[in-house]
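With the hints as constraints, model all of the structure from the sequences given.
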Amino acid sequence: MNRSPLISLVVATFRESLRNKAEIFFNLFFPLLFLLIFGTLQSGGDAYRKTWMGLYQSGDQDIQNVIAQSGAWEPKIYSTEKELQEAILSGEINLGLSYNGSHARFFYKDDDLRTQSKLSLAQMSIIAALEKQNNKVKPLLRINRIPHSAGRMMASGLDYTLAGIISIAILSTGMMSVVSMFGRYQKSGVLNQLRIAPLKPISFIMGSTLSRIILSFISLLLILGASVLILKAAFVINWVLLAITMISSTMGMMAVGLLLNLVFRNPETANTAAGILMFVMYFLAGVFFPAALLPGYMRAFSAILPLKYVSTLVRHSLGLELISGSQFALISIALTLGGILMLWLAGNRFLSSKRH
Amino acid sequence: MRLWNFGKGFFIAEIREFEVLFWSLVFPLILYFFLSAILGSVGKGGAPSFELGVIKSSTNSMEAIAIEKTITAVSDADQPFKATIFSDLTSAVDSMKRDKLDVVVIHNEPASEASSKPPIEIHFISGRESSEVAANILEIAFARANLEIAKHSGQEFRELSSEAIPLKISAKSKSIAYKDYIFPSVALMMILSVALFNSPLSLSFYRSSGTNKKLFTTPLKPMEYFGAHLFKLLATMLISLTLLYAMAGFIYRVKSGIFSAAFIGTLFLAMLTLVSFGLMIASLSRKESTAGILGQVCYQIMMFMGGFFFPVFGLPWGIRWLVYMLPTTYLVELLRRAMGVTSAPIGIVWLISVPMAWLILSAVVFSMNFRKVMGNE
Amino acid sequence: MSKIVLKASHLKKYYGSTKAVDDVSFELCEGEVLAILGPNGAGKTTTLEMIEGLRNADSGLIAFFEEGFAPSQVQVKERIGVQLQSSSFFRYLSVRETLQLFGGLYAKQVPVSELISTMSLEEKEKTLVKNLSGGQLQRLALAVALVNDPLLIFLDEPTTGLDPQARRAHWDTVLALKKQDKTIVLTTHYMEEAEYLADRIIIMDHGKIVASGTLEELIASIGGKDYISFRIQGLESLPSALGTFPELKDTGAGLFELSSGDVSSDLARLFEYAALNNLRLDDIRIRRPDLDDVFLHITGRKLRD
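Quick mapping for you: the protein sequence lines, in order, are chains R, E and Z. This note's numbering applies: residue 1 is where the first sequence begins, and numbers increase by one. This note's numbering applies: residue 1001 is where the second sequence begins, and numbers increase by one. This note's numbering applies: residue 2001 is where the third sequence begins, and numbers increase by one.
Calculated directly from the structure, the hints in this document are not laboratory data. Bear in mind that the values here come from a model prediction, so they are computed numbers and not experimental data. Note that CB positions come from ideal geometry on N, CA and C, so glycine has one too.
One-sided excerpt, in silico: chain Z residues whose CB lies under 8 angstroms from chain E: (1) Glu-2052; (2) Val-2074; (3) Lys-2077; (4) Phe-2102; (5) Gly-2104.
Pairs of lysine to any residue, SDA-like flavour, derived with a Cα cap of 25 angstroms: (6) E:Lys-1097 to R:Ala-243; (7) R:Lys-132 to E:Glu-1159; (8) E:Lys-1221 to Z:Phe-2065; (9) Z:Lys-2108 to Z:Cys-2029; (10) R:Lys-76 to E:Ile-1319; (11) R:Lys-21 to E:Trp-1023; (12) R:Lys-187 to Z:Gln-2085.
Quick look at the structure:
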């Protein structure tokens, strides 16, 4: 019995993608590589939830507890100030404190901008804590820090970073794979072959892009696996919501990819445009640098990019930050509908003769 | 003359491709702009701004007044917080969870006469950077308020002095602005991109498309072809560097040694080393797609693990060995040393010898596979 | 006697157990047009590429000109022009720039304008290679092959994929080159091309030369008989009674063919037979033997198979 055109196309495009080593690498393994590089860099190794602070004290007081309680610092003891300084210069630790009971010297590496940005806060909080201990101050204003979870789990900074990378991976697989696939088909003449076949535009587009969704899903599983098993992410995953997120986000981003293919008829130019868009989104995703560091106008610009909405869905599905059911549905539906609309439009335009 | 004519044509043929033009010449400028805009503003004036939710107490106790004064102090003009009053904790925390607030502070009513020190609760979202930072700042503000109260209570109070001391690996190392500091990274990224993408992809493409085959039927010698290829890469890199220098010099007014002989000499060493590395990739790739993949992997690893943007020497040894293997780790440090900055704990001998070792190794591998690269049986 | 400009002796090229070229030898005289004819996979391109220096022969000797230069020597490259089977140039150079680029690789260069005019590429002079049609690309490829005014020109399947008009134009160019006393070697699987252009033809099959000579010599080698073809109305297969014509065969689809040394006499016999048996003959044609017949005679297969 003959397969339907849709199934035939899905099977063919999927097979073709699996046999294309470059496609497999860029869709499946490249996001994984990216995750491992960034996850490792951001995690900082052993103490990935707190930052090491080197400590040398020449007085009698034991201030380790004070340091540990005063902020997100994990004290590491050094027996001499020279050792402490060498540890900073070698990159073993980023910040060091030498304390003799009356004077505190904070050491940091001159070109370490990340530590410099945290330095004044660290200095204030530690001095305050030390003065409190020295003077046996009974604080009038007792403070209790109460962490909350915005989701289903108590997340760390690394969890947020990994969620950002996962969002980018979904975006990238959706958009880039469509741009490169249609570019390939256009260049090789496959598109023309399909145009002359009795194929409905929507079947053509759905058949070509369903395989992207499958690839996107496989990519997502690989990245999630790496996040949880290697980088020890503490996600509490709602698989149903995650599947919906993946499908709607991939469709939304495929639509962007198709739009680029339509606007830029030359496949190489469409590829370049997609590359630029991905680059912009990498920066605005808060993966390379914390989003809080971005200038105001860049943060405002990020609000109109699909990344913001995909990140919202991903964080919700992974349990980091919950949104209301209606908000989740609205974003998912908007991405999906936008995707379907673009897919329909692209299908008609690709298969029409006016384009040529 | 033949080499010049061919090299010129070879270069024109490549530079007219939009992708080559964009990624080699335009993109480095955009990247420099982005990095300077983002990271150049770190540590410079302009306090961050946080949304603060406040649930006040209705009492007029001394503590309540102290709390109110502290909150007013941190939410005044030019201060980090913008305060909004809430009537209950639940709605405030709910707003915080929905990312409308960064932190919530509640001044609890005293439970009884005996417990005369009402607690302040600072509520924040675990893991969300802005929330955690806001909570830290608030906590410090209240801690300082406690100390001020203690100082003015009449009891003896011993203040501590403190200082922040920047450490330099070398006494000669100087501090420079971030837009200066980032210049070597951007320049190296451009060189990497030409060396690891343009070069191997171009060689693979001309081999597989049959253009090389046509050239073999002419008197053009393989070394002349190779020379033209190098000329093409060098020309692209030099044009890009000129544009980067123009941007650095005229727009960002970078002054820190980027025009020195040492810096420019290091750039040439970087070009030779990385082009050689790219040629090695071309020689190990039978197909254009393989060259693309290998180039991409090496590019990402060298860029992020090479210390271009983040400190990498604190990574666990399980991965730190990779940092020490990469030629870019040494090249970027060598460029920074030429600017007078020392940021890596690596001696000058290693800074020069490791890239040279890569240059020689890559050249050897490439020359062993030269005929395969050219596609000549 | 014309000078020998190329001598190929006992060339062999094996790929594993496959004999791509199996002991091929021939000589080429100055001013001659030699066609190497054969089906796909016969070894024509491999042979040519060994001669052009693009492949190493496993054994055999190739000597150019009186001096006996080897293929890879620069003295050979300066004096030959090559149009490869598939043309690939720098996509983002224009026609003029491509000719300038390749011209610059030789000590002797034909003015680019002259080449453009010869190959009727004036309208496309500034067009980028990537925007040329198939026919225009082939014209450019031939122009590039002529950029150094070569003494010896190699054309590897030069008209494959061209429409009949473009093909004829290409043939005219080759004939014009022949008039300039250029020596040309061309490979083709189009019999008409070899018949039209070549002074001498080599037929290859499965890596070997199976026949060699002028067109007349090759046709004479199979008897040189003409062919009478016809149909019999109402009959799809040969009636047994036509056994009196021993060289009659059924070529399929109701078409019969008679090999005839005396066309007049055989035609008369055929008409007589038809009249006697009340048969009506249709679609009667007489043709001269061609290279396809030569190939069929030697190999048992048609050239087009």
